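Trainee: Chain residues, written in single-letter form:
Protein chains: 2
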Amino acid sequence: MEEADVMITDRTSPTPQVDAALPALFLSLLVLIVALVSPGLLMAQEALPSWNDGKSKQAIVDFVTRATTTGGADYIVPEDRIAVFDNDGTLWTEQPVYFQFEFIADRIRALAPEHPEWNEKEPYKSLLAGDLKSVAAGGEKSLVELGMATHAGMTTDEFAAIVKDWFATARHPKAGKPYDEMTFLPMRELLDYLRANGFKTYIVSGGGVEFMRVITEKAYGIPPEQVIGSTIATQYAVVDDIPVLNRLPKIDFIDDGPGKPSGINKFIGRRPVFAAGNSDGDYEMLRWVTSTKSPTFALIVHHTDAAREYAYDRQSSVGKLDKALNEAERRNWLVVDMKNDWKTIYAGGP
Amino acid sequence: MEEADVMITDRTSPTPQVDAALPALFLSLLVLIVALVSPGLLMAQEALPSWNDGKSKQAIVDFVTRATTTGGADYIVPEDRIAVFDNDGTLWTEQPVYFQFEFIADRIRALAPEHPEWNEKEPYKSLLAGDLKSVAAGGEKSLVELGMATHAGMTTDEFAAIVKDWFATARHPKAGKPYDEMTFLPMRELLDYLRANGFKTYIVSGGGVEFMRVITEKAYGIPPEQVIGSTIATQYAVVDDIPVLNRLPKIDFIDDGPGKPSGINKFIGRRPVFAAGNSDGDYEMLRWVTSTKSPTFALIVHHTDAAREYAYDRQSSVGKLDKALNEAERRNWLVVDMKNDWKTIYAGGP
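Protein chains in written order, with the numbering used here: chain A, 1 to 350; chain B, 351 to 700.
Hints are computed from structural coordinates only; laboratory data are not their basis. Watch out, some of these pointers could steer you wrong.
Unchecked claim - Only pairs whose alpha carbons sit at most 25 Å apart, straight line, appear in this in silico PhoX-like list of lysine-lysine: (1) B/Lys-491 with A/Lys-250; (2) A/Lys-164 with B/Lys-643; (3) A/Lys-174 with A/Lys-200.
If you're wondering where the values come from, they're calculated on a predicted model, not measured in any experiment.
Chain A with its partners taken away, still in its complex shape (with noise of 0.2 Å):
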């Protein structure tokens, strides 16, 4: 819309000569009008430019193309063109731990001195004395409680401004950026091209929902409404004639493992054509995508580059890849070798 407004008002345009250059005229007008309306037609030829020409790079642009070719055996209508994207591991780095956790740490430290209480009980004590093993030793309990500390008792406004400012000044310990800036630019510009070939991106993630969905418009062009994640259950109330949300210390459902197909299924409402992961934990999300008869396409990013970002897989705590992996060919999933495949990691290299 604002394009054509330009256009309209744009009345510095020179006036048209009335002759010979009327069918140039013409001409440039129809491509203006292509250009406006579909994108996608004038970028095939520039699609995916920080992937190395190869059999990923060709396996994803043939499967787009057959899906967008009108007539043609594999076509996908517009409105079935849903793709769902894994987060951690798979659109930005997981490594040395999921940032949400990093988050979480740092509220802890953060709120610490209103507590005086966590110096003296787990998992608060060991992880604010830096022992994330015994931290982790605690198990999925420990990490609710910190969950719950630091997720809930506030309102979503709250919390979204408290996350907003952790981003702002957070950075990573190795990489020493912005969380924000750890999306792999590979992974973007596949989320653009799909895009511009009419596909609707999603996230289907494990992390917190209302964690992710502060960063991911800026991230990776995706709204709010189109990020699926963990939820805490909230609750209605009236303060000052003011309606709130409160966050309550109460899980309301884990998207992750067999929960991301629920959650597609809760969320969207009908099931993708396209999706993308890195672990496990995108197992029966990459099943439930392909396990149709229409045409479908999975892909598993394979951390393979220990010296531009981690090499992880069988045997990682984190983002472990055993049982995908072992299904990928006989299930045809694209196993992406970060290494070989991309040449650049993050916008701003390496």
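Given chain A, put chain B in place with the hints provided.
Mentor: Frame of chain A, contents of chain B only:
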């Protein structure tokens, strides 16, 4: 995209005259571009044809005009143009009982031969005897039991097929029409009008999300991912190497009353600017949407037409409208008078 394709391949157009016709050609191309890119601009004059001229129609058109006037004080950027609509009683009739309850009753009758025990067991016994008063007397517990007996115990795909079959054959007891033809034409025009002006339209209903999604695209032009409703838990399972989602007899979320703001927050993740409801079950949603300093709009469909639809409000057991009606004026919510504001109730009359 299709329109552009048609243009380009339409080689039967007369060759333009190279002379005084040029300005006219140039202008008509510009008009065409505008028509392709922003259909809303051309339809303002004919918006809401089933609404009588008067303050209700004027209030809606005024809000939408202000919201879309670039540079105006009440301009709303396109990504924030989110509109939420209750379903039962707001977009279609909800009397004599919610349509989903008719579905439950029909399903209980259809399944009864497989459940001889139901003849002796409440609330099944009363329902099968047509004694809805006794069923209602059992309260929420009875309704939940009937709901679970008919909504759980199958896969999501199987449930969608059951609902689809039901809509194909069931008829409204008074009107004799299929339920998906019991939608209000003026509200469908309102949905179209908002969408033509860049609003994203959502349903936010107490009804079951997987019940509604079967028909919302056809009935309202609203895709599954823009339908928010009550949910039951689903569980991923693999049968013969094919993943399925089983519907469990366990309520996951009730999207009614104070649940509606929570549902909006969970599914959309930002605050809508337009809300429509018809009962006290929408009260908290209307509060949530209109309690900001930025421009918002809320309306209540008031059922005042006993001849063409139904007339009810404060005393009704279905769709009770009392508190929201009391507060409408002071909260600046538009109360739409169905009898006087709407020329037509249903497509196909009356």
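Trainee: Evaluate each hint against the coordinates.
Mentor: Hint check results:
The straight-line distance between the Cα atoms of B/Lys-491 and A/Lys-250 is roughly 24 Å, inside the 25 Å bound, and the hint therefore holds. Only pairs whose Cα atoms come within 25 Å are accepted, and A/Lys-164 paired with B/Lys-643 is accepted, the gap being roughly 21 Å. This hinted pair does not check out: A/Lys-174 and A/Lys-200 have alpha carbons roughly 33 Å apart, beyond 25 Å.
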